Amino acid sequence: MLSTFLSQIANGLVLGSLIALIALGYTMVYGIITLINFAHGEIFMVGAYGGLASMTYLLPTVITQRWYFALPIVLVVGALVSILVAVAMERFAYRPLRNAPRLAPLITALGVSVALQEAVRVFYPGATAAIPFPDLFIQGTLIIPIGDGVPIRYTGILLIVLSLVLAFGLERFVERTRMGRAMRATSQDRDVARLMGINPDRVIVLTFAIGGALAGIAGVLYGSYLNNINIDMGFQNGIFAFTAAVLGGIGNIRGAVIGGLVIGLVKALGGQYLPGGTAYDYVWIFVVLIIVLVFRPQGFFGETERVRA
Amino acid sequence: MAFLSVRDLVVAYGAIQAVRGVSFEVERGQIVSLIGSNGAGKTTTLRTVSGLLRPVSGEIVLDGTPIHTLPAHEILSLGVAHSPEGRRLFARMSVEENLRLGAYTRKDEAGVLKDIQRVYDLFPVLGERRMNKAGLFSGGEQQMLAIGRALMSSPKLLMLDEPSMGLSPIMTQKIFDTVKELRDAGTTVLLVEQNALSALALSDHAYVIDLGRTTLSGTGRELLADPRVQEAYLGEAASA
Ligand SMILES: Nc1ncnc2c1ncn2[C@@H]1O[C@H](COP(=O)(O)OP(=O)(O)OP(=O)(O)O)[C@@H](O)[C@H]1O
Ligand SMILES: [Mg+2]
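Those protein sequences? They're chains A and B, same order as listed. Numbering of the first sequence is given in this note's numbering, commencing with residue 1 and proceeding in unit increments. Numbering of the second sequence is given in this note's numbering, commencing with residue 310 and proceeding in unit increments.
Source of the hints: derived by calculation from the structure; they are not laboratory data. You may find that some hints are simply not true.
Derived list of chain B stretches under chain A, where covered just means 3 residues or more per stretch with a C-beta under 8 Å from a C-beta of chain A [claimed, not checked]:
hint, segment
1, 424-432
2, 483-491
Some residues of chain A that are not near chain B, with every Cβ distance over 12 Å (derived) [to be verified]:
hint, residue
3, GLN8
4, TRP67
5, LEU106
6, ALA127
7, PRO134
8, GLY149
9, TYR154
10, PHE168
11, VAL192
12, LEU195
13, MET196
14, ILE198
15, ASP232
16, VAL287
17, PHE300
Computed from a predicted model, the values in this text were never measured in an experiment. In this text, a Cβ means the ideal position worked out from N, Cα and C, and glycines have one as well.
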C-alpha cells in the first residue's frame with residue numbers, strides 16, 4: 001500500500017521534472033514577448049529525434065556503448081537541434097509578425113507545430129511509428145528501502161536531478177547576470193529596454209535558444225526514460241507543460257517547476273487512485289488547473305500586476 | 310555646427326500625423342527646451358530622436374551623423390540618453406538594478422560603480438534605499454531615479470521628458486537645479502516641459518511646438534518676454 005503510493009510519487013516526480021523542463025520554455029518566451037509558443041512541444045520532440053539520430057547514425061560504438069560518453073554527447077546534440085529549430089522558428093515565423101495582431105503568431109505557432117511533426121514523419125526513417133530509444137544512463141533500478149521498497153530507475157533519478165539543477169541555474173542566470181537583467185527589462189518594458197541600449201532582438205533570440213536547449217535535453221531524457229519516442233510526444237507533453245506554466249504563473253521560472261511537479265504528481269496519483277485510471281489523465285490535470293485558477297487566476301507565483309501582461 | 314540638429318521632422322502614428330514639421334538645434338553645453346500644450350508633439354519628437362519611432366520624413370543629425378535610420382540601442386551608444394515621459398522605471402527591480410540597466414552598454418565596471426556612487430551623492434535618498442524596488446518610491450524619488458538611470462550611460466545629450474510631472478514645487482525646483490548642475494558639468498540637455506515658466510527660466514534656448522510644428526524660438530529670456538508665449542503658455546504667470 002505505502003510502497004505503491006510512494007512509487008507513484010516517484011513516478012510523478014520523474015514525469016513532473018520532465019514537464020517542468022518543457023514548461024520553462026513556454027514561460028520564458030511568454031515572459032518576453034507574451035506569446036504562447038504552441039510549437040514548443042515540437043521543439044522538445046525534434047530534440048529527441050536529433051539525439052536519437054546521433055546515437056543511431058553518427059556515433060561509433062566505442063562511444064555509444066559507454067554511457068558516460070554517449071549521454072553527454074547525445075544531450076548536447078539534442079539541445080543543439082532544438083536550439084536551431086527554436087531560433088529558426090523565431091526568426092522566420094514569429095519575428096515578421098512581431099507587430100501583427102496577437103492572433104496571427106498564435107495561429108502561426110499551430111501551423112509550425114503541424115509542419116514540424118510532418119517533417120519528422122516524412123524525413124526521419126521509420127518515424128511513421130514509434131521508434132525504440134536506448135536508455136542512455138546507468139541501466140537498472142534503485143530500490144529505496146521504505147516499506148516493501150520503492151523502485152526508481154537510475155534514469156529517473158537523473159531526470160529529476162538534472163531538471164532541478166538546470167532550473168536552478170536558469171533562475172540564477174536571470175536574477176544575477178547582466179544578460180538576465182536585460183531579459184527582465186525587456187519583459188517589463190521593451191521600449192525602455194531599448195532606451196537602455198538593449199537590443200530586444202538579441203534578447204528574444206536568446207530566450208528561444210534557452211527554451212530550446214532545455215526542451216532538447218528534456219526530449220533526450222524522455223526517450224531515455226520511456227525507451228521509445230513518437231511524433232506525438234511533443235503535442236501530449238506540450239499540453240501538460242503549457243498547463244504547468246499557467247498553473248505556476250506564466251512568466252515565472254519557479255512557478256514552471258512547481259507547476260510541472262504538481263502536474264506530474266496529479267497524473268501519477270490520479271492514474272493510480274482516481275476512478276477511470278490513466279485514461280482520465282487530462283481530466284484530472286485540467287480539474288486541478290481550473291480549481292487553482294478559480295482561487296488564484298495568476299497561478300501560484302504569477303504577479304497580480306505586471307508592467308506588461 | 311550644432312550638436313543635434315532636427316530638420317523638418319514629420320512623424321505619424323498610422324494615419325495620424327503627430328509631428329508635421331519640427332526643426333530645432335541644440336548647441337553643445339546648453340539646456341534647450343521644447344515647450345507646448347498637450348498633444349503638441351513634444352514626446353513624439355523625443356521618441357523619434359532616440360530611435361523608438363521612425364520619421365516619415367525629415368532628418369536628425371547628431372554631431373554630423375544622421376541617426377534617424379538607426380535602431381534605438383545604437384543611438385544610445387552614440388551618447389543620447391532619454392528619460393521617458395512618466396518615468397517608466399523598472400518597477401519590480403531595485404534602485405541599483407535600474408541604475409545598472411542605465412549602464413547596460415558600458416564595460417568599465419569600475420567606472421560604473423563610481424557613477425552609481427555619483428548618483429547616490431546627487432540624490433542621497435536613492436543611496437539609502439538602493440536595494441528597494443523602484444515601484445515603492447514616491448513620484449519625486451522616482452524622477453530622481455529616472456534621471457540617475459539616464460545619466461548612467463554617461464550621455465553627451467540628456468533628453469528629459471516632463472521631469473516635473475506630478476511633482477511638488479519644491480521637488481520640481483530640486484530637479485531643475487540638478488539639471489542646471491548637469492549642464493554646468495558639461496552635459497547637453499534637451500528638456501520637454503509643460504511647466505513653461507520654469508523651463509524657460511532655466512533654458513539657454515527654447516522652441517515652442519504647436520500642433521506638431523515649431524512656431525517660435527529664442528533664448529529662454531526672449532520667449533519669457535514674448536507676448537504670444539505669455540498669452541498661450543504663461544497665462545497665470547503673465548497676469549500675476
Ligand atoms: N501611440 C500613439 N498612437 C496614436 N496617436 C498618438 C500616440 N501617441 C501620441 N499620439 C498623438 O500624437 C499627438 C502628439 O502626442 P505627444 O504625446 O507627442 O504630445 P506631447 O506634446 O508630448 O503632449 P503632452 O504634453 O500631453 O505630453 C497627440 O495628438 C496624440 O494624441
Ligand atoms: Mg508628452
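We went through each hint and held it up to the structure:
no.	hint	result
1	424-432	violated (count 0)
2	483-491	violated (count 0)
3	GLN8	38 Å, holds
4	TRP67	42 Å, holds
5	LEU106	23 Å, holds
6	ALA127	42 Å, holds
7	PRO134	45 Å, holds
8	GLY149	47 Å, holds
9	TYR154	41 Å, holds
10	PHE168	21 Å, holds
11	VAL192	5 Å, violated
12	LEU195	5 Å, violated
13	MET196	5 Å, violated
14	ILE198	6 Å, violated
15	ASP232	39 Å, holds
16	VAL287	32 Å, holds
17	PHE300	17 Å, holds
Against the hints set out earlier in the document, violations occur for numbers 1, 2, 11, 12, 13 and 14.
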